[in-house]
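Quick note, the sequences are listed as chains B and L, same order. Position 248 of the first sequence, counting from 1, maps to 248 under our numbering, and the rest follow consecutively. Position 174 of the second sequence, counting from 1, maps to 174 under our numbering, and the rest follow consecutively.
The set of hints was computed from the structure by calculation and includes no laboratory data. Where a beta carbon is used, it is the ideal one built from N, C-alpha and C, also for glycine. No false leads were mixed into what you were given.
Some chain L residues well away from chain B (every beta-carbon gap over 10 Å; in silico): (1) E101; (2) A194; (3) E196; (4) A292; (5) D354.
Only pairs whose alpha carbons sit at most 16 Å apart, straight line, appear in this in silico EDC-like list of lysine to aspartate or glutamate: (6) K32(L) to E68(L); (7) K269(L) to E382(L); (8) K138(B) to D249(L); (9) K192(L) to D229(L); (10) K302(L) to D60(L); (11) K225(L) to D2(B); (12) K212(L) to D276(B); (13) K269(L) to E134(B); (14) K225(L) to D142(B); (15) K131(B) to E273(L); (16) K138(B) to E273(L); (17) K171(L) to E196(L); (18) K185(L) to D138(L).
Computed from the model, here is a short list of chain B residues facing chain L with C-beta under 10 Å: (19) Q13; (20) V146; (21) V148; (22) F218.
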Amino acid sequence: MDFIIQNIINALQWGSFYALIALGYTLVYGVLRLINFAHGDIFMVGAYIAFFVAGFMLGPALGLSPMVTFLLAVPLTMFLTACVGVTLERVAYRPLRRKGAHRLYVVITALMCGLILEYSNLAVLGASRLKFPELVHKTIWDIGGVTVTNLKVIVIFAAIAVFVILNFIVTKTKIGMAMRGISYDKFAIPLMGIPIDQIIVFTFILGSGFAGLAGLLFAMSYPVLEPFMGMLIGWKAFIAAVVGGIGDIRGAFYGGFLLGFIEVGVVTVFPSTYRDLFAFTILLIILWMKPTGLFGMPQSTKI
Amino acid sequence: MKLSLHKTGLLALAFVLSFLMIVPAFAADTIKIGFNLPLTGDIPEVGDGSKKAAEMYLKDINDAGGLEVGGKKYQLEFVYMDNESKAESAVNAALKLIEQENVVAIIGPNSSKQAVPAGGTCNDNRCPMITPWSTNPDTTKDRPWVFRAAFLDPFQGPVAADFASEKFGAKTAAVLFDVSNDYSKGLAEIFKAAWEKKGLGPVVAFESHGTKDQDFSAQLTTIIKANPDFIFVPDNYNQVALIVQQARDLGYQGPFMGSDAWGTPDLIKLCGEQCYGNYFSTHYAAAGATGATKVFIDRYEKTYGSTPADYAALTWDSIGLLVQGIQNAGKVDSNPRKERQLIRDGLAAIKSFDGITGKSKFDAQGDPIKCAVVVKISDQGEFVFEQSVCP
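Bound-form chain L, shown alone (with noise of 0.2 Å):
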């Protein structure tokens, strides 16, 4: 009789405990929307900074009532998954998001390297998929359901080139970049086509390395040996930290030129002077900026004591190309699979969108034409604005 009675009471916890699991799922008056965030591993910062400005996006949306889709007001719901800046944890972090968490959308990765990968699998199960940082043109080609918010690297490439070219009146360039990121290697393939497209000079060394390397002195002898005017390096902050260094060791004084990849604060903590009065492209510049992107820098700024990078900015910007997408679609369906259709034929919907990043138009593949602007490193470890080049 004792045992009964424990079995019941068993039985009722168990009841208990699952009717408040399927209560959320019954709850339609929430939008449930994913993160494919690094949180841990290459690029931690990069995961960091683009979670903080979610919450601020989250706080201000839920604080002022919810998000009003067709006359009705919903609160937003955000779950952050880590890919620890890993290729097959990115399409794992995807694959739960969208079958244990039935988020309706996924905003994410950041990275190339984890966002080609990731989109295929989003596409594959029909759940739409905003990256705010990835510049590969693979992340979005031939996938209807994946879109981004920040420009290609066709574009960027060119544009690095035209300024190296003009700037340090450059006529050879040399390329180090790192063979097993889809980012760094697609963007030194660009480039180095761009450069010998402009008939200069030729691209004199062109060296790879692997993520997990830390010594590259035996790449950077060949290139110096080259003797190019500049040296072009796509790579992730952390990396160039170190290739900065291991180049002046070897004795090279000339100019190096980033990508979008630099520009991250913790560039100047980890490379520090070494960096100083090198330039990189990217999607927008901090220092100096007016309107909608200054209020959201001093926000930023206040909230967590830092300027925003520009992943950060660009993750802004996706939730607000989501927004605009689960508004155009009018209404919010209970069920996540019909759901997800209507928010990306919404998103599809979305001809120009004004943003933080600036104004941009979407072609018929879902990528935006924006402009670019090229940033230097200055004497106080600032991203100062140089040159905005539009397409």
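For reference, chain B alone in the conformation it holds in the complex (with noise of 0.2 Å):
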């Protein structure tokens, strides 16, 4: 029984992290149509800005202890990280899209955005590994033998956390009902004089800001940083959030945990080569049962 618990908190875990990138996903194509492939990318450099952030704030300059600069590191990550991301929709995406180019093409250059993020990172910084500094003081608590370490509990509940505020944002308030607007029709609602291009702005701040805070958290789960960490989490994460129904902030929630518990389940009863072959035959099926994914609604073009 405790083999089965201990197995759920892995899951959850790792599923946290596919949940908070694969958010991130969902919110910029809700709005924009666009399939941000540069999002993995951007967790990447969340983890290394978490990282120089960090070094930063330990360091003889100014020498604050571990947990202070934890949680200085929250805010400052997710804001540089989130400066990053309107970067990114300032210099690539909003050109395309003052252009009127065809959504193809946008996509093509997100993919591109992510590999010169990656390779720009291996440029600067090299291929060398980065070791992340321990902020948390782990504690290990033992259970009726389930172990259960502080940081797995925030990181758990970072990812609770962030999805009842994206929820809360998009569903309750005037931006989120803004947001929902663009995504319905983006030419109307600049005629009701709302600044389209703020509120895509808005979106890559909050997408690209959890992004940042999932980087930060997985930098210190797993404390070993390289120029490649993001990409195939980012593509695993899309895969979650196509499942769980894009667009949607719930189906991105339950998505990715979705991942990581198939995951983590094939991993306990199976080797672990059959890891991605099961898991994403799993959710192959979800998709025939149910191509809009788990929370999506059927689109219909307009003419």
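From these two lone chains plus the hints, build me the complex, please.
Here it is, written out as structure tokens:
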């Protein structure tokens, strides 16, 4: 029994990262109908920003304690990563949108931006891996044979909190209503006097900011950083978002955890070689049965 | 008229350029050696350390006026090619070195994951290859053109098993390995066979993971549930750092036993205190070295400011082997194809070699028979000599 509970906790932690990243995908897709393939790499940039922020604050210049560093690093990392996301939007996506480029070209641009982020990191920092410092003093609780660390609890709660906050913003606030409006009809929205560019920038701030948070928490949980760490996890989170129903916040959240549970479950029962095979076969079957994803709505094209 | 002048100028330029490109091919007084190294990718430290050792060797030879073969001095030229720590890129790098760079021999790749496929390519293209660090038997098996400087996993696996059963008094073992890495998978299987042959107790868990995995908690939960006396982890240092930490988080208190892929200063940088007190088998121990080994270590430390890891020392020995092979050949042929044949025969003629990672004899397969050492990671994060095991 404790074996199963232990694996549920493992899956909850792993799924939290998928959920956090999938939320960023779904947010940008929901508003812009743009698959931001650079999102996984923004997550990677977030982890590196967290590394430098933490290194600076722990360093001789400031010499803060690890706990204070953690508390300050969270908003700072989110802010700086959001800046990176907004820069991408300004440099890459907005000019294309202004010119009315087809969605395909924007997706290709996003892929290129991701590669540029990866390889500029490789060029600047080199291939050597970095070790993330320990910010939260790790406590291991042993509850009847099940071990939980405080870090795992923080990660799981962060994922839930981010989901609740985003859900609130999108469904209950005015700016959320504007976001949904752009998603519905981006040509009519400016006629209502809603500043479409500002809303899109806000979307990128939210999505990238939470990718930065995910990067920080990931670096704390798996403290070995490398330039390509965001690629695979980004793609998987994107698939999780699609299975959940891309464009829907709940879909990304549940899709992320679903993938985490399937992956950990497969490894527990089968050799790890089958992990991705089984995980993505299951997801494929879900899409067969419900092509719009678990929470997605079918879209009709207006003429 | 103006146009034709322009054209003549271009043509002249093209002539000069092509002449410049042809010249090195005619220059017979250099010997060009290729290096197939993981300068980026999963294990960049390994490529970097090998390259540093090679640069040191190159400087030694060329500053002394070159390498003397058959009464004439030849300058060495090293070409470094990045294989991105990937199997397919290692094959491409080997082909590029052979076909475009026209090297007479290749040193590397280091890791078996790259050395096994690249060895096949070199053997098919009849180019001698020496792998410094690969321990998988398949690298040289039935490949007369491929040689190595390291001991083999069929030797290393039992060393690890014997040591763990003695040191930890272990009766049961668990293994966690990288299923997509030839080195890790091969060694894990050899270890399992060696452990079960001892008849102490079973291998209670035999779990695998993928190269890009970062979360091992599901596998480790299964391992910990099986309650082994120790966990054998034949993995690269970057994964070890994550595995050890996650095992401790899941409440595992027992020891770990590692293999030679642990032996990188980066292990301590990434893993920190959590790796202290564990053991791994490797090719040499830098702490407490004597003789030529100490000279090498001191020079490396003075030049680069860090202790050379085993792959750096083995790269040094590989170059030494190659140099001896070239000298055994007795002459240098300006045709790279003929020169490769000469070097291969020269290498095959080496019966024993006294390198900085120890003395070795060569068997019929071209594999060295040499001693292994077991190293302890001390509380200062140093690799301290614990035990030497000879075949």
